[in-house]
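Protein chains: 2
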Amino acid sequence: MKIGILGLGLIGGSLGLDLRSHGHYVFGVSRRESTCTKAIALGSVDEASVNMSLLTAAEVVFICTPIGLIIPTIEQLIAHLPANVVITDVGSVKTPIVKAISPLWTNFIGGHPMAGTAESGIEAAQKHLFVGRPYVLTPTATTPPDALSCVEKIVNQLGCRVYHCPPENHDRAVSWISHLPVMVSAALIVACLSENDSQVLQLAQNLASSGFRDTSRVGGGNPELGMMMAQYNQQELLRSLRQYRHHLDEFIHLIEQENWTGLEELLKLTQSNRPNFVEDC
Amino acid sequence: MKIGILGLGLIGGSLGLDLRSHGHYVFGVSRRESTCTKAIALGSVDEASVNMSLLTAAEVVFICTPIGLIIPTIEQLIAHLPANVVITDVGSVKTPIVKAISPLWTNFIGGHPMAGTAESGIEAAQKHLFVGRPYVLTPTATTPPDALSCVEKIVNQLGCRVYHCPPENHDRAVSWISHLPVMVSAALIVACLSENDSQVLQLAQNLASSGFRDTSRVGGGNPELGMMMAQYNQQELLRSLRQYRHHLDEFIHLIEQENWTGLEELLKLTQSNRPNFVEDC
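Residue numbers (full-length UniProt numbering), protein chains in the order written: chain R, 1 to 281; chain E, 1 to 281.
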């Protein structure tokens, strides 16, 4: 097929590498001429341009910009496309995007490949980035079945595990397992820093080991990503944060009451249920 | 030197392997005959017995039992020892132990080697377990300097990083970087399990990836360890939990108020300060 990719960063660039290796013809669009040149040189795209009109010839377009640019980009893009072109995006929050785009473009289907590395940009693009990773598609009651099956056929070739769900379910699920952990983990670092005895703080920093390293990792990550989660998934994140606080209070209460049996039950529950989320533990 | 080890599990057994390789003569005591036999076979000790009187000949005794047995074990042991023998323990909480033992035995010095593996028992004992890991010694105003320097000389041979601090500082520091993370992480798992839409819960379990895996690891660990932290370090853990809750509320408030600048500042703070705790990130 003829596939367009708008936004040639890690995700767009990696997508292009795999799609080309499956025989698709890939058009790439970036805001920067230098990125277009690199994308061709790296083999991510067949043709590239800073001009959106390049995508007129595409049958499907993947929007791979940062999340804040998805809606304005599609608003501009659709002037260049025949109505039968299928548009999909790769944003990590789905409800606001699906709500904004559905009235503008019938053949739209939201998507979220849950893959990434600590790197970013076209230079970080790699083959097989999506193998074994989840790829969520979020059709609604008004999504044309052909648009869904078209995108699904393509993403299936990436070797990922494809899930379908309503955009609201996606946003609630990623709030629990991705966005909430960032805030929980960041609050841990802030709390430790609040220790006002400088000798104790220094000692804590000297003694911190793998437990602290793992628990604090996502909270010490890219601030822009954390901001984006909070801004675009605000209501679901608040819901999960308030629920989390409720359960944190339960732990505090059990420890205050010296209810060791109750605490043991809770810790047995967490031990036995974690493998349902994380297979390899 | 002639060194006694009481409690031949992972820590006691590993300690014995290293101390023998440095030329010390090691007496081991375990409650079980079979453990004594294994400890000799594995090379952790030179002699072993289920009888504490074996330790009468030791110059220093390391108490390596589970934390709940340290105090009752020392209470029994001291009937067998000449008053010049130095006793030290390896418990992960120090204040209650130091407080209970100091009036009973002058030549006592609390210690905590911060090393371990997911395994336990004498079979899991390994050489060089302590290399590069912190080993905290907690002398008080009444600790004889000779007792401290005797234990310090021995643990320095293990290749660990030795820190000295009051027992209270140790317990506060490990509360921040070890005990608090367990509760924070366990509360995350409990909160996720509270999702009452079974489709969303299933989706969350399917989508959970490295971020959730790392943040939930210590909260899904051994319930007995979590219990022990809470029971023996109750006051410090409650202090850090309450402080943590305060900072969690700060995150919730910023997101409720859509104060994105404030949230960004906090996330920049966590990003820039995490490396002070975790060197290799």
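Since the hints were derived computationally from the structure, they do not count as laboratory data.
Hints may contain errors.
Pairs involving identical chains hold if they fit within one copy or between any two copies, as the list cannot separate such chains.
DSBU-like cross-link-like pairs, simulated, lysine-lysine; straight-line CA separation at most 35 Å [as the list claims (entries may be wrong)]: (1) Lys38 with Lys127; (2) Lys99 with Lys2; (3) Lys2 with Lys153; (4) Lys38 with Lys2; (5) Lys268 with Lys2.
Status of each hint after checking the structure:
| no. | hint | result |
| --- | --- | --- |
| 1 | Lys38 with Lys127 | within (16 Å within a copy, 51 Å between copies) |
| 2 | Lys99 with Lys2 | within (27 Å within a copy, 75 Å between copies) |
| 3 | Lys2 with Lys153 | within (14 Å within a copy, 72 Å between copies) |
| 4 | Lys38 with Lys2 | within (20 Å within a copy, 68 Å between copies) |
| 5 | Lys268 with Lys2 | neither (53 Å within a copy, 41 Å between copies) |
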